[in-house]
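Listed in order, the protein sequences are those of chains A, B, C and D.
Counted the way the working numbering counts, the first sequence spans residues 1 to 396.
Counted the way the working numbering counts, the second sequence spans residues 1001 to 1396.
Counted the way the working numbering counts, the third sequence spans residues 2001 to 2396.
Counted the way the working numbering counts, the fourth sequence spans residues 3001 to 3396.
These are calculated hints, taken from the structure and not from any lab test.
Do not rely on the hints blindly, as some may be mistaken.
[Unchecked claim] Here are the computed distance ranges between Cβ atoms for each label pair:
#1 A:A51 - B:D1049: 26 to 36 Å
#2 B:A1381 - A:N206: 19 to 29 Å
#3 C:N2207 - A:T182: 36 to 46 Å
#4 A:G37 - B:P1011: 39 to 49 Å
#5 B:T1008 - C:N2207: 32 to 42 Å
#6 B:T1008 - A:K39: 41 to 51 Å
#7 B:A1026 - A:D148: 50 to 60 Å
#8 D:E3145 - B:N1022: 51 to 61 Å
#9 C:A2098 - D:E3145: 39 to 49 Å
[Claimed, not checked] Here are some chain C residues pointing at chain A (derived, C-beta under 10 Å):
#10 T2114
#11 T2115
#12 T2116
#13 G2140
#14 W2142
#15 I2174
#16 L2231
#17 Y2310
#18 E2312
#19 R2314
#20 Y2320
#21 S2322
[Unchecked claim] The following residues of chain C were derived to be distant from chain A, with all beta-carbon distances above 10 Å:
#22 A2027
#23 G2172
#24 Q2197
#25 R2251
#26 G2340
Ideal Cβ placement from N, Cα and C applies to all residues, glycine included.
There are 4 protein chains.
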Amino acid sequence: MEPTTPPTRIPVPRDREDDYSNAAAAARRAFVTEHTGAKLDHVGSYSIDPATLPGNVEHFVGVAQVPIGLAGPLLVNGEHAQGEFYVPLATAEGTLVASYNRGMRLLHEAGGVTTTIMADHMQRAPSFIFPSARESRAFGEWLDENFDAIKAAAEETTSTGKLQEIERYSAGRILYTRFNYTTGDAAGQNLTGKATQAACRWIRANNDTIEHHFLESNFATDKKSSTINMLRTRGKRVVAEATIPNEILQRVMRSDSALMFRARQVSNLGGFMSGVNNNGAHSANGITAMFIATGQDAANVAESSAAYVYAELRDNGDYYFSITIPSLIVATYGGGTGLGTQRECLEMMDCYGTGKVGKLAEIVAATVLCGELSLGSAIVAEEWVDAHDAHGRNRP
Amino acid sequence: MEPTTPPTRIPVPRDREDDYSNAAAAARRAFVTEHTGAKLDHVGSYSIDPATLPGNVEHFVGVAQVPIGLAGPLLVNGEHAQGEFYVPLATAEGTLVASYNRGMRLLHEAGGVTTTIMADHMQRAPSFIFPSARESRAFGEWLDENFDAIKAAAEETTSTGKLQEIERYSAGRILYTRFNYTTGDAAGQNLTGKATQAACRWIRANNDTIEHHFLESNFATDKKSSTINMLRTRGKRVVAEATIPNEILQRVMRSDSALMFRARQVSNLGGFMSGVNNNGAHSANGITAMFIATGQDAANVAESSAAYVYAELRDNGDYYFSITIPSLIVATYGGGTGLGTQRECLEMMDCYGTGKVGKLAEIVAATVLCGELSLGSAIVAEEWVDAHDAHGRNRP
Amino acid sequence: MEPTTPPTRIPVPRDREDDYSNAAAAARRAFVTEHTGAKLDHVGSYSIDPATLPGNVEHFVGVAQVPIGLAGPLLVNGEHAQGEFYVPLATAEGTLVASYNRGMRLLHEAGGVTTTIMADHMQRAPSFIFPSARESRAFGEWLDENFDAIKAAAEETTSTGKLQEIERYSAGRILYTRFNYTTGDAAGQNLTGKATQAACRWIRANNDTIEHHFLESNFATDKKSSTINMLRTRGKRVVAEATIPNEILQRVMRSDSALMFRARQVSNLGGFMSGVNNNGAHSANGITAMFIATGQDAANVAESSAAYVYAELRDNGDYYFSITIPSLIVATYGGGTGLGTQRECLEMMDCYGTGKVGKLAEIVAATVLCGELSLGSAIVAEEWVDAHDAHGRNRP
Amino acid sequence: MEPTTPPTRIPVPRDREDDYSNAAAAARRAFVTEHTGAKLDHVGSYSIDPATLPGNVEHFVGVAQVPIGLAGPLLVNGEHAQGEFYVPLATAEGTLVASYNRGMRLLHEAGGVTTTIMADHMQRAPSFIFPSARESRAFGEWLDENFDAIKAAAEETTSTGKLQEIERYSAGRILYTRFNYTTGDAAGQNLTGKATQAACRWIRANNDTIEHHFLESNFATDKKSSTINMLRTRGKRVVAEATIPNEILQRVMRSDSALMFRARQVSNLGGFMSGVNNNGAHSANGITAMFIATGQDAANVAESSAAYVYAELRDNGDYYFSITIPSLIVATYGGGTGLGTQRECLEMMDCYGTGKVGKLAEIVAATVLCGELSLGSAIVAEEWVDAHDAHGRNRP
């Protein structure tokens, strides 16, 4: 592993006058072509105005064009989302749109998807280090006593973030905390970061028992999946659920509730053994496609793809199926939501801007449920067809 | 949770003659506008030819334009990637490109990032159910005895997939397996699915002790993070590592190896406690941005964002830092890699087409390492500056 | 798996007049000898009075004699345990007592072990099932509103148990709860069971939205290790910590703080990867030996053996080492604590009876710390000796 | 956390001539009484000969007398254990023996418990550290090429241990390995330790790319529960399974298969969420009681209590129930198995000495199954009685 003597470094060119311009982007594309031989004609084909991109990207060269397919109508019985929606899915994976669309058809026949937001917390998780565990324990009590002042210090930095509580987890001379906030229609990672930094400054100024602190120490696990976030919620905790008559499963999906339930028993144990963060099928597919289409931070798929599935085979053959997404991070304001195509995709679901984030969260969860039932049906459809074939029931 | 009486369902329009045309896409955009009021002008602004999209998307309406920023040069000392690369990052999250770029500058000065692909397995994981555990155990031995025939049956369906081994995990009367393949330059989820389906057909035809089998039961955890995939590899297992002199950390990053190491101790324990799937900082950011730019399946971020960080503070103050990405799923062929902008982004790193997947994997891993050190430095930079300020060393 | 036709079943004999007598035990030993040929002479050699055993065992035949070795003195700087203690360790594993004794010597020289009880919760975890997630969410709020009445219902069944809070975790139409109690000097599994059952009866009588409930659904994980208990505490959460000068490590243990710290880095990552519930060395050894000696429920080792280790190599070579036992379940009253030998073992640490449980918890944690440093030293001692040998420093 | 100035340390007295004598033990008991005031009369009441204790304990003072209750007959349809067994359970927890005994009655009526040993591996897990990941990868291949020589080096140290394979898990510049052995009738932790140490010496002498190695780094997790051991087996992997007609469940247990299955669905999800290492009920209870009675190392309960439960509700109401214990560590030779009472308890099941370990493993697993069904029935019995009461069916 001898380090190479580094070649002379040629940095990416910037326009010091106006770096967010078509000219600056074109200059960088030319730079790429000069140094790598690659042409960036498609990358350079975009309709958005570079002047809108500060705060979204640096060293802008153009865009990735990700195909969008339309699925729907999705029928949602939510508290924020009610009625039918056409859902934009940005993906290059064949059959994804078709599969979600098929699930939406199934659930439409079954009366729609009921959605409920169970909790809403965005957090930063500073850790505090003390001379010993004794001071750590005392600090925990001190946090309770000074909660109002800490909250005030945090909220001075933000108009939308509200500090709800400070969770605490101790080990040795360290106290890990989670500062939980509501963040309105923003995803809130940035605002909670600033608010918690301000809170920490107030804490350090008013408590002299702390040796060190770090703003993050793997207890909020931004962009990473964790048990703590699945248990305690990050972003929205959303449940989507439905009860599907077996007749509809059989007719629409060539599937069967008893078969699907049996497959679920085996996959539940498989997931328990394999240490998976999701005992469902493929929620990441629908979530990622919606995230890219609507300007969410797709890196949050790392967290938001976690899920708990709970299903029941009812005595009458009905299939109760639910999915809980415990760390769904969505926004209808800020980040990439205001960009050209992304905003249009939000608008087609009436989800752009303030007061819409609950609606978007419910639509995402309902979409996920449709995809779960679609893939779950497909997995057992072959066996179902074979079984019926053997019994001569669906012969032509 | 009374089911709503479903409204009359109006499906997304399709053109039965030619659904992959600009006209069909425009018709669907008009349909959206008619039903939702939303205009899709930006969505309709694309340079790619819809006729190339079968196999990538259904119900195509247009594209999401995701801004691409350019980072680099990234200096890689790999076995497949050697030298400098400019890296396209598709994102709408401000500072992401700047942060990775800064890390690339740091590592360039430090002699580059060494990358190594440790393993390469893509899998499907069928489960087999027997009358009792006895037959399950016997079946395990039977798989060994019949491995060559099973391998032949699987590989008949694919020119690139090669069956390497069949892992086995038992519980009760169920045997969970993992069929591990190499898949050339494709990600391989589809081809391993088909190959394993063929293998299962051969198995069922030649072994009559099986009661049921399912093609998947949460032991390959496609699009989901799991301990099994982190331990046993899914896609590429890639290590990126470097040793950075503290002088460079201090000068370039306003950071310090001892401070970073102390922060790492606390975040390592935090991650152990919180049940996170990644004791690093934010690998999902770089991976997602590269995945979107280069036509990877971004839903795989759910898996590919898992990572193990291992760092050492050397006696001379040098900082050894490594990240291991145990389930990095990348392709330079198939999926979205051939689409207009995505192909261009691969080409700018000379990573498009056959024989390039190892190179891409190494570039992704090296990029991730740069981002880890950049954010890791930022976390302690304030303390470092404060410390130096207090000592008068960096006063103007 | 054809079921065997069951033979005629000959149950274990019971004396309906007085089953807790020497005669009844002897009759059962004779029964064993008659049916199996085995003689139970040693088993029948006991000094305890069978009449004291109702509530401890059924079908009493005699005792297991587990050898006790004495370790100490252990020097503890606790809040409940202060000073020197001689610790009884019941085990048949050679070197265990010697190893803990050696660690106690090390820590004695280093000034003792500081212990702190960070939290104290024993729980039962009923789950409640509703028609849908909506009612589940509403029930969560209802629990807050009716907490005082629920607490009153629970505490009517117990003089020592106090309900602290009701944690909630939702998935689908299920709400999992954790009823956290303090339980005085008892371990408290039984009393929290009764109290929570009473609470559930009150809840069912006063809330008609619940479809079903179960008293336990794997969210308190009695006798099983779990992330939830490690994060949220079950029994006592105890920290034991110490700072050991390297000179003492080198002289007493033939070890070295830098070597031990390097080994810890590697084992920390190993534990993160392997999914272990304890990144320390072997806390189960000391805990089990103390549990058997002092009449604790040794099945709780399943939970109580979980631990978090956090260590630091200080600039001066000192080694800060801490272990946090997040689910240490101990009692000084009830269960097996009052039996002949067990009570004597508690008494030798002045830990028998009411008001002593904090003291016992601290002594257990301090003992564990000594064992960790002893084994941790041993692992690197060979390398240390080799290193010094190579440099000629410790030649005779 | 100021270190206390240590008091003068008075070590536990030893008899340099003959420390394994009644006199030496009595001297230590007197020492305890002198220093603590506690009398150790019961502790001093033992029938075993101290001269047999070298290798089992140091600083012997006497014994813990743990009450043994007798359960049975247990009907086992194993490959090693066949027929009826009376099972000794050492415990001070009331109702434990009665509960297991009740489960044994249930399974006796249902035709017994079928047991199967699926795998058998005991391991040590050395880690090897290299200059970079490249050498780590090469070393993995080197292990394959030199397996025979490594095996020979390892097996020179033991007559019973046989090296089966060397598993490998990489991260950064570290290669974690697992040396898997069969170990005959011994638990094998010591012999695999010695054998692996010898193997490592051979490796270090023949491979000069290794910078360091550690004999253990949390990848075999001795005395600790881990995902790796649950997946890959430590000790014996044993399945116990049975199918119980609902009529028997109702009559014997006042329970019902449909109710039990519904409760299991909820507890399965609870366990998935809580991160428990066992989705069953309380296997640690039976395992611990048998371990203490038969001279197993009870600290292994930390590992051996892990389990996977898989159950099915059959169309006819039958309840298929299985438990898989993936890391059951038992011995019928060595350790505490030869001590007075422990040997007698093994003998009453004809499990003492060589060639018996498979039998003991099966009896333990069958016992565990009985306990699971007993407690699982009890949890729903109240609801079952209520349900029948409401319908007037079981009124007097």
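So which of those numbered hints doesn't the model satisfy?
Violated: hints 3, 14, 19, 23.
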